[in-house]
Amino acid sequence: MHVTKTRLALIISVILAVCGMLSGCTGFDEANKENASKEIDRSEEIKELLLPENIDTVFDMVVMEDGILRLVATIGNEVAIYDSGDKGNTWEEAYNSTDLFEKAENEKVGAYASKSNEIFWKSLEYNEDGGVEGAKYYYMKESKIVPVNLKLPEIDKAKREHNEEFEWLPESAVNYILNTEFSDDGNLLAMDENFDLHYINIENGEINKSYENNHGYILGCSQYNDMILMATNHEILSWDMNTGEENEDDELIDRLNNTYVKESIPSFESNIVLKHEREQLYVFNSFGLFRNAENGVEQVCDLKGEGAGELLQQYILDAEVYNKDLYLIAINMQSNQYSMYWMDTTEKDEESVKEELTIYSLYNNQNVELAINAFEIEYPNIKVNYKVGISDGNIATETDVIKNLNTEIMTNKGPDILVLDDLPYTSYMEKGLLMDLAETIKADKYFANVVEQFKSSEDEILAVPSRIVLLALEGEVGLGESSDSISAIEEYIKKVDNQMNYSEEEFMQMMEFLYSSYVEPMIGTDTEIEEKLLTEYISCIRTLYSKCGYPELSDSWRNNSAEKNGVYVTVNYFNWVADDRAITFDYVDFVKLIPILNEITNADESKEYCLLSDNSEKVYIPAGILGISAASKKGELAKKFINFTMSKKVQSNDNITGFPNNKEALKVCLQDDRHNVYTNIDETTGFQIHPYTESEADKFVSHFEELNKPILRDSYIKKVILESAGNSLAGDIAVSSVVSEIMEKINIYNQE
Amino acid sequence: MLPSLIGVICILVIPYINVIFYAFINVWNRKFVGFDNFKRVILNDSFQLAAYNSLKFIVTCIPILLVLSLIIAVYLHEHVAAITNTFKSIFLFPLSIPVVSIVLLWRLLFDDQGFLNGIFNTFSIKGVDWINSKYSFGILVFSYLWKNLGYSIVLWLAGLSTIPKQIYEAARVDGAGDKECFCYITLPNLRSTLFVTMVISIINSFKIFREAYLLAGDYPNKSIYMLQHLFNNWFRDLDIEKMSAGATLLSIILLVPIVALYKCWNTKE
Numbered sequence: 047m048h049v050t051k052t053r054l055a056l057i058i059s060v061i062l063a064v065c066g067m068l069s070g071c072t073g074f075d076e077a078n079k080e081n082a083s084k085e086i087d088r089s090e091e092i093k094e095l096l097l098p099e100n101i102d103t104v105f106d107m108v109v110m111e112d113g114i115l116r117l118v119a120t121i122g123n124e125v126a127i128y129d130s131g132d133k134g135n136t137w138e139e140a141y142n143s144t145d146l147f148e149k150a151e152n153e154k155v156g157a158y159a160s161k162s163n164e165i166f167w168k169s170l171e172y173n174e175d176g177g178v179e180g181a182k183y184y185y186m187k188e189s190k191i192v193p194v195n196l197k198l199p200e201i202d203k204a205k206r207e208h209n210e211e212f213e214w215l216p217e218s219a220v221n222y223i224l225n226t227e228f229s230d231d232g233n234l235l236a237m238d239e240n241f242d243l244h245y246i247n248i249e250n251g252e253i254n255k256s257y258e259n260n261h262g263y264i265l266g267c268s269q270y271n272d273m274i275l276m277a278t279n280h281e282i283l284s285w286d287m288n289t290g291e292e293n294e295d296d297e298l299i300d301r302l303n304n305t306y307v308k309e310s311i312p313s314f315e316s317n318i319v320l321k322h323e324r325e326q327l328y329v330f331n332s333f334g335l336f337r338n339a340e341n342g343v344e345q346v347c348d349l350k351g352e353g354a355g356e357l358l359q360q361y362i363l364d365a366e367v368y369n370k371d372l373y374l375i376a377i378n379m380q381s382n383q384y385s386m387y388w389m390d391t392t393e394k395d396e397e398s399v400k401e402e403l404t405i406y407s408l409y410n411n412q413n414v415e416l417a418i419n420a421f422e423i424e425y426p427n428i429k430v431n432y433k434v435g436i437s438d439g440n441i442a443t444e445t446d447v448i449k450n451l452n453t454e455i456m457t458n459k460g461p462d463i464l465v466l467d468d469l470p471y472t473s474y475m476e477k478g479l480l481m482d483l484a485e486t487i488k489a490d491k492y493f494a495n496v497v498e499q500f501k502s503s504e505d506e507i508l509a510v511p512s513r514i515v516l517l518a519l520e521g522e523v524g525l526g527e528s529s530d531s532i533s534a535i536e537e538y539i540k541k542v543d544n545q546m547n548y549s550e551e552e553f554m555q556m557m558e559f560l561y562s563s564y565v566e567p568m569i570g571t572d573t574e575i576e577e578k579l580l581t582e583y584i585s586c587i588r589t590l591y592s593k594c595g596y597p598e599l600s601d602s603w604r605n606n607s608a609e610k611n612g613v614y615v616t617v618n619y620f621n622w623v624a625d626d627r628a629i630t631f632d633y634v635d636f637v638k639l640i641p642i643l644n645e646i647t648n649a650d651e652s653k654e655y656c657l658l659s660d661n662s663e664k665v666y667i668p669a670g671i672l673g674i675s676a677a678s679k680k681g682e683l684a685k686k687f688i689n690f691t692m693s694k695k696v697q698s699n700d701n702i703t704g705f706p707n708n709k710e711a712l713k714v715c716l717q718d719d720r721h722n723v724y725t726n727i728d729e730t731t732g733f734q735i736h737p738y739t740e741s742e743a744d745k746f747v748s749h750f751e752e753l754n755k756p757i758l759r760d761s762y763i764k765k766v767i768l769e770s771a772g773n774s775l776a777g778d779i780a781v782s783s784v785v786s787e788i789m790e791k792i793n794i795y796n797q798e
Numbered sequence: 025m026l027p028s029l030i031g032v033i034c035i036l037v038i039p040y041i042n043v044i045f046y047a048f049i050n051v052w053n054r055k056f057v058g059f060d061n062f063k064r065v066i067l068n069d070s071f072q073l074a075a076y077n078s079l080k081f082i083v084t085c086i087p088i089l090l091v092l093s094l095i096i097a098v099y100l101h102e103h104v105a106a107i108t109n110t111f112k113s114i115f116l117f118p119l120s121i122p123v124v125s126i127v128l129l130w131r132l133l134f135d136d137q138g139f140l141n142g143i144f145n146t147f148s149i150k151g152v153d154w155i156n157s158k159y160s161f162g163i164l165v166f167s168y169l170w171k172n173l174g175y176s177i178v179l180w181l182a183g184l185s186t187i188p189k190q191i192y193e194a195a196r197v198d199g200a201g202d203k204e205c206f207c208y209i210t211l212p213n214l215r216s217t218l219f220v221t222m223v224i225s226i227i228n229s230f231k232i233f234r235e236a237y238l239l240a241g242d243y244p245n246k247s248i249y250m251l252q253h254l255f256n257n258w259f260r261d262l263d264i265e266k267m268s269a270g271a272t273l274l275s276i277i278l279l280v281p282i283v284a285l286y287k288c289w290n291t292k293e
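Keeping their order, the protein sequence lines are chains A and B. Following the working numbering, the numbering of the first sequence begins with 47 at its first residue and continues without gaps. Following the working numbering, the numbering of the second sequence begins with 25 at its first residue and continues without gaps.
Looking at chain B on its own, in the form it has when it is part of the complex (with noise of 0.2 Å):
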């Protein structure tokens, strides 16, 4: 245990520490600051563009990605006899794929002379260039999903897997229809699954930065623009500062609901 500890100390615990002691000083003078990184950081037009795009793309894409791939889950829990692991390799197949590949296959794809515009002009539609404007949030959204629907279709079917049958077979003796058995005894029995399911889906939906910065550069449609692009600027430009009032105030963001949740789930359990 202590190795492991030491190891999360060293490599977790000690930089995230160094970043919040940055955020409170001038790096290049060390003088303490008090909060006017932060105050540079929230009043800044392109954190506020970032964050709102941020917002924005896990609000569109953890309910569609959640819904999706219960319904899938639960279909295939239900019609068929065995998901074998051929089955789960195939829905963590997109996952496996590095994100290179993945991005050049969306290049063919939406490229203004690639392959989708190809058949729009075959039947003389004007083609868009998909990546380099508003639609390329779509084409993010896309990817996400594709990517990350089979992973979640898995945890899904794994948390299905744990609800005994016998609770089902109950309740249809006391004439719950398909309905009844899903609201009342699926649902409430997948919380947990849906927890750890939401969480992980929010910590990927940051790792889209990848598709986006490969696909569109530093400086992407103003749609896409993340908050991991303006760190990835701060830090080419040396604005330490305002990167670690950035990072903590995500940090705090994100953690606080995330506890909130926790707490909750586990006290109505």
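Excised from the complex, chain A in its bound form (with noise of 0.2 Å):
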């Protein structure tokens, strides 16, 4: 037969045709995986890559065993995978839609969950309403595909009545997935309409567990070791992979919480998103990506800065590692244009640690910690040792705790700094132990009064409070004229009518606040004490106690509204605000309360509340106290974290509680209004905060600059005062024995 060069043409071209195609279905293109070998250009430390052309949406993103970058996209209805053996350089369209499976035109695909050759997706089915009627679910594994029948419970439509969470979902017939990611284990973790999370064997499709979550949307969702890992906009949160229980104090989710950056984002409705890929967990935000690391979370791309453009703006859709090399998804919320970037991760893997510096408290300290997140990833060559004396689980006493730092101190083996709250700081100042933060301490940027306190005799500043805590008590009106006093408190207190309710628990915090408010602020830096204070406060006690009510009431009156008859003392404005004529206190230890107070007594007149640092003692508490130990070999750098700490960057950050020692700081945050998170606190009053106007702030502040009166803690004097009151509140011991006792036991150790 006599082939023509045009029908040898016509031939060849269509087995290449057959070729190419063949090659599409397996999703391997050869052209491609000769590239993969090709290395990215590695001179920039970012770089910005091309996207496939036409596509609308980009769901997924993952990078294949074979170091293949697979993007999953849309184009209209139709979904298409491509490929790209070029470290994103150029893509190729290895599926799409009209492949894989047969779609109406009224589907539209969605939540994809990839993992190197498996992907996951649903196709949802609209009426003319624009409302879903139908979802349908497919996976796909080494080009095969199978439907899958999801059977998901029903739309829980008493959860979403009352849940304005749900306000933005629109009504739809059926239960469907929202977002789905694949577990370690090759099954899907997917949350469906009602926002619980399910593990579902992506064989046949059968719930194996479910995982009921009241914190809103699933941004994000992981597998890690036993947990199920869950972001929603404010937080990350576990259960348990085997019981579905909730896990509530998990050392990990904390320190994911607590990364300083979360903390200080932009205002943007969602922004927390993490992954586990390779055995490695990841957090990133519009700062960038962080990952847990042994020590803490470590940052592993910045996008704040100048490589990565005014990302600010951006969502980070999502992120891969592999290798060196980190891809990142990016939407800009205001053009809706997505955008793919490349960093070069090498630097920052291989990155030596050059300096360390080792920070210790005496107890937990959440607001060091913050602070510490957030000096690691400003100064990613420097590593933070944070050390507890005592946390959950060791049963060591303080002293035993304090006598081993002492041992260190001495043998010069101590921390480098000293968060010096429940130390024997006084102690530590007179013996020259503390180095002089004068210079390091910018005058005109925090309180002097506040640091007065701790200043040697030769006007050294030893130590400097990073917060600073007032107090508040809150009851009818009259309890204002009333508060300059512990013996006017106790006046005003027979004065309440009925009997007063609360646990006992309830009653020693407020034993505990009242001794905080009259009586440690009086204790002098000689820890002397007045035996009239100590009577007038153990009477008040006393009489407090003689009006109370009892324990096996305490939580069902506070949840039972018919209960107002009597006069309740409660530990929270919550409760003062729905109960009638409460006494009740706070440690204002956050910004937001003030105003929510204000609306508290400006909605009922009948209500008052008064800081203590208003009445002729102006009181408060200094906390988050820092210190440097003289010792310390790394001074400078102590002094810079010292530093940096005070900065208004980190001082405005209205997450870390108490008020900030810091005066742009603290007015940045009574005028900050991005998060308005407190505004529905209680749902029948419905308070709207109100963020504080400029000459509101300036008087604010100029409230701060009065304070006199620190309360300087001394826990041993504190003990024995609550304990001796606490075990003669029967009353069968007169108040003169009690008082004697104490001072008995204090007297000792003042000789000391």
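A portion of the hints provided could be inaccurate.
[Unchecked claim] Okay, derived cross-link-like pairs now, DSS-like style, lysine-lysine, Cα gap no bigger than 30 Å in a straight line: (1) K80/B to K765/A; (2) K246/B to K765/A; (3) K694/A to K680/A; (4) K679/A to K55/B; (5) K745/A to K488/A.
FYI, nobody ran anything at the bench for these hints, they're computed from the structure.
With the hints in hand, could you dock these two chains into one complex?
Okay, structure coming up:
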């Protein structure tokens, strides 16, 4: 048979076309495979990559086992899967949905999970009104596609009804998957319309385990060891994979949630995603990618800087780390445009920590943890070792732990920085164990009156409180006039009608608060205490006790709104609001509480609150007191940390408890409206909290400049007084006997 | 011999000399201060109280312990044919119980809501806060005696067993009665045992701090505030100079009479 040139060309082109199609279906482009060995140009730290043309939405990105980068995107109602063998420089379409399954016109694909050669997706059927009528699921593994018959629970209408988290979700006739990821073992973690998470057998579509979620929309989820991790737009949570119980107290989760940068993000609705890839847990948001490391959370890449452009307006949709390559998919919230970036993580991975700093705190201090996280991000070549003397599960006494610390200090092996809150810092100051910070702390930035207490006789600043806590009493009108002294408070309590009902624990808290507010500030630096004051305190506590009702009612009365006849002593303003004529107290350690108290008292004329720092003795609690060990060989580094912690940037983070000891930062916090998460603190009253105006903020700053009575805690004296007072509440021992017993112990202590 | 000597020097002698050194300087600026630290210690009210309590404890407990244990030992030696190992184990049993367990027992007995007050309440007698009152001294004495009585008995029994029976037989032949035998034979022959028992008992009396600390904390009732409480609290506050001066004083106060006693008895023998 004679084959003409034309026919030959046609035959060859058909053969080539068929080969091309076949290679597309297998997903392995030989040409791409060759290109996979090409190295990306690492002369630049960050590069923007091109995305495939005409894509509408990028759903997912994954690096396959052979290094091929795979992108799952949509074009209109169709899905397309693109592969790149040259690290994102070029893309080849591997599949599109017409290749994969039959889809009706009104179907739209979404909710991908992909893992190397496996893909899971859904296809939703919409009705004319745009509501979802049906959902189909597919699972593809190594080119084989099977439908998955998922049996999700019914939509929980009761849950959706009163929960504003569901407001944005359109009504649908069926429950379907909103978000999904593969678990480590190749099954599926999927969030449904009820925002509950299910662990699904990918083969047969059956639900192995369900995890009830009442924390809102899940942005990302991951299996990590025996935990199921979920990220909402507020926090990261974890569930025990096997029992389905929520883990409320988990060190890893606390560490991830305390990552400073998470707290400082702009007001996006959603910007926390987490991912578990290649046995590494990542968290990423607009500021960058972070990963869980042995000693905390470390930053893999920083997206604030110039290299990645104006990324503050972008939201990181996905990230993949493969060897030294980091790939990011970002979406611009203004323009809805997708971008893809490559970053070189070589330097970050291989960079060794050059300097180390040790910080010690007797008890865990979350503010210090946040500051440490932020410091390590700011100075990635400095590693901070944070040691806590007494933690959960540690049964050592304070004395034993302090003795251990003193031994280390004596042998010059002590920490560089001490968090002095519960330590015998007066002793350290007297013995010259702390470094002078006068040149480190810029006088105009902090409240000099607060730092005054930590000055030596030679005017050296030996310690600086990083936060300030105020004290507030809340009750009926007239409370303010009675708040100037403990005896006046006792008279106020005597006039209160009916019984007071609270639990033993709440009463002890009230005792402690009254002690902190009225007795502790009067204890001199030489720890001398007046008998008269002690007598008045014991008397007040007994009066309060005599008005008590009893513990078995403590939980039920609080929840029982019908029980409003009595007067309730409570421990937080929620109950004060709910119940009539209560007296309660607060350690004012978050900025927004003052506006909340203002709203409460403005709304109800019978209520009044008073800041004890408004009284003649302007009391306050200095907290997060930082000092540098004089024996530290890293004095400059330690000063850098303290400077950083006291800076406006760190101090204005209003997720750190207490008020900042930094004037500019305090104004920022008072006027900050970014996190208006307190507006709905109480469903019945519906408070709208307004940030301070500039003049209100200035006035509040002046208030701080007048504080002059620090509560310098002495834990031994506090313990003696509270214990002795507590043991004598029944009234069978005369007040004078109790006082003399206390004075005897305190005298021995003082005489030492 | 040399390894032991090196060990003793490194673990005991050098630290001891270091303590004496600290007693004469300001630890923080290393300046020599002479006897200032000693003056501060001796004039310190808490030190005086602690020293008084410690001395009171020794003067109360040691005679009672020695006499009681001797009486029991003599009785056992004369009336019980063979003091078997089982007996000795029973005597030494209190020493083998961990202090924490003992303290737990005392708490159950002597706490304000404890067993003893419970019995009193049954008979409508008002209970006492034994641990946090002046009666805590009695609890410590009781605890000390309970713990060390058996040990002292064993020591006495060992001493009694070294006295030859022939001496007693010879004395009885000469018409000596029990009282004469005890005063003129038993006691003189037990002099060395007395010395050992007394020294060990005095040393053990300082260990009562563990019970006191676990029962009543850093600052117990005034009556049981001992020297170790003071040292413990000084160390917490990094008052190293006072601690060192106090420890030096204490070692002198203990060493002098022990050495004197030793020399005196050795001479007599």
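task: Report the numbers of all earlier hints that the structure fails to satisfy, in ascending order.
output: Of the numbered hints given earlier, the structure breaks none, since each of them holds.
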